[in-house]
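Throw the hints in and build the complete structure from the sequences for me.
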Amino acid sequence: MNRAQFLACPECDLLQHDAPSPRPRKALCARCGAVLYERGDGGLERTLALTVTALVLLALANAFPILTLELQDERTSATLAGAAAALWSQDMPLVAILVLFMAVLMPLAELAALAYLLLPLRRGIRAAGFAAVFRVVQFASRWGAVEVFVLGALVSLVKLGHVADVEPGIALLCYGALMLVMAAIEASFDPRELWARVAPA
Amino acid sequence: MSRAAAELGLLACGTCGLVSRAPAAAGAACPRCRTRLALRKPGSLARCWAYLVAAVALYVPANTLPIMYTSSLFGSSEDTILSGVLFLWDSGSWYLALIVFLASIVVPLAKIIALAALAASVQLGWRGHRAERARLYRLIESIGRWSMLDIFVVALLVALVQLTALAAVRAGPAALAFGAVVVLTMAAAQSFDPRLIWDAEQRAA
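So the sequences go chain by chain: U and Y. Take the first sequence: its letters are residues 1 to 201, numbered as in my numbering. Take the second sequence: its letters are residues 202 to 406, numbered as in my numbering.
25 Å max Cα-Cα, derived SDA-like pairs, lysine to any residue:
| hint | chain 1 | residue 1 | chain 2 | residue 2 |
| --- | --- | --- | --- | --- |
| 1 | U | K26 | U | R39 |
| 2 | U | K26 | Y | S203 |
| 3 | U | K159 | Y | G276 |
| 4 | U | K26 | U | A183 |
| 5 | U | K159 | U | V104 |
| 6 | Y | K242 | U | A30 |
| 7 | U | K26 | U | A49 |
| 8 | Y | K242 | U | A140 |
| 9 | Y | K242 | Y | L340 |
| 10 | Y | K242 | Y | H330 |
| 11 | U | K26 | Y | E333 |
| 12 | U | K159 | U | Q90 |
| 13 | U | K159 | Y | F275 |
| 14 | U | K26 | Y | L211 |
| 15 | U | K159 | Y | Y296 |
| 16 | Y | K242 | U | R142 |
| 17 | U | K26 | Y | R339 |
| 18 | Y | K242 | Y | R331 |
| 19 | U | K159 | U | D73 |
| 20 | Y | K242 | Y | A229 |
| 21 | Y | K242 | Y | A321 |
| 22 | U | K26 | U | Y37 |
| 23 | Y | K242 | U | V35 |
| 24 | U | K26 | Y | L337 |
| 25 | U | K26 | U | L180 |
| 26 | U | K159 | Y | L299 |
| 27 | U | K26 | Y | R331 |
| 28 | Y | K242 | U | D190 |
| 29 | U | K159 | Y | L287 |
| 30 | U | K26 | U | G43 |
| 31 | U | K26 | U | L118 |
| 32 | U | K159 | Y | T281 |
| 33 | U | K159 | U | W88 |
These are computed hints drawn from the structure, not numbers from a lab.
So this is what it looks like as structure tokens:
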């Protein structure tokens with residue numbers, strides 16, 4: 001029996017035949033409706049290109065202010081690191097770490113891990129610790145919250161807008177773009193293609 | 202005839218998805234990627250319940266204690282999550298008030314109740330509405346992160362206003378409790394194994 005012809009649904013464990021090639025773009029579990037797999041348009045090459053783009057955006061998003069406040073000729077800006085530092089100085093180190101964890105560290109871990117897996121794979125090389133790094137991608141994509149942070153910045157903008165002049169900064173635009181690029185990564189990345197390239201089963 | 206992989210002595214690797222014959226010994230590795238295999242998430246229900254109990258305990262201070270203190274020349278005030286929502290509503294941003302209300306108050310509570318119902322339904326071996334329960338689980342998993350919204354808002358307000366001479370914003374104890382609720386409910390959702398919903402059917406059959 002060639003076991004690669006079978007799929008088990010990750011959410012209900014139903015065993016199903018993999019469709020013969022050409023496989024459909026998207027397959028749902030026949031019993032519980034979970035997505036079994038979804039094939040991206042540009043394959044791993046596009047995923048890698050998007051990943052590099054996202055890394056640049058994430059770097060910019062952390063180098064510039066997210067919001068700038070002007071109150072009676074006084075200007076203050078908040079970067080993400082600044083926000084975490086402010087919470088830390090107010091005896092809220094755990095909340096500061098949580099903010100950094102979900103808005104910076106997890107997106108960074110997901111993108112860096114993807115780049116680490118995909119770059120050598122272009123030349124047919126299987127990166128060291130492949131499975132462990134892939135689990136980092138799985139974990140980090142569940143805990144990263146870039147889109148929630150963008151909405152949080154918009155809510156802050158409106159809240160403070162009632163009492164002061166608040167301007168969105170470059171970093172907020174970068175975070176907005178990052179949100180879209182990460183959605184595109186999710187749409188184009190097909191883990192099955194990745195594993196098939198690494199070790200045809 | 203549809204059957205689960207586990208019934209046929211097969212299991213899928215959680216990392217690379219390869220279906221292989223279930224090993225006799227615990228702790229065996231996937232033949233393709235060497236990940237340790239497990240038929241179901243270990244201790245799924247016990248972990249889920251533990252996270253949920255902790256989340257319920259912290260949900261109360263998260264909503265009753267102040268999440269933010271504001272002081273300015275015009276006096277000082279403190280905000281709970283709910284009063285922050287009411288402020289947005291009164292100032293005309295009813296759409297934002299609605300979003301924050303959903304993300305901060307409705308979503309965490311709905312997640313706790315829904316996960317408790319799912320865990321209880323599995324524990325009792327309930328066999329009805331399996332497809333609906335599977336859909337409910339997917340919904341819970343996908344909306345979990347949105348509860349972080351209020352924490353991000355507090356972090357940005359604190360950073361922007363703490364440095365000005367005219368006003369100061371400080372984070373309150375509810376920020377810590379609420380952050381913990383977000384993490385605990387996400388951990389509860391991830392420790393629950395949705396395959397257990399369908400296992401009940403097979404045990405009975």
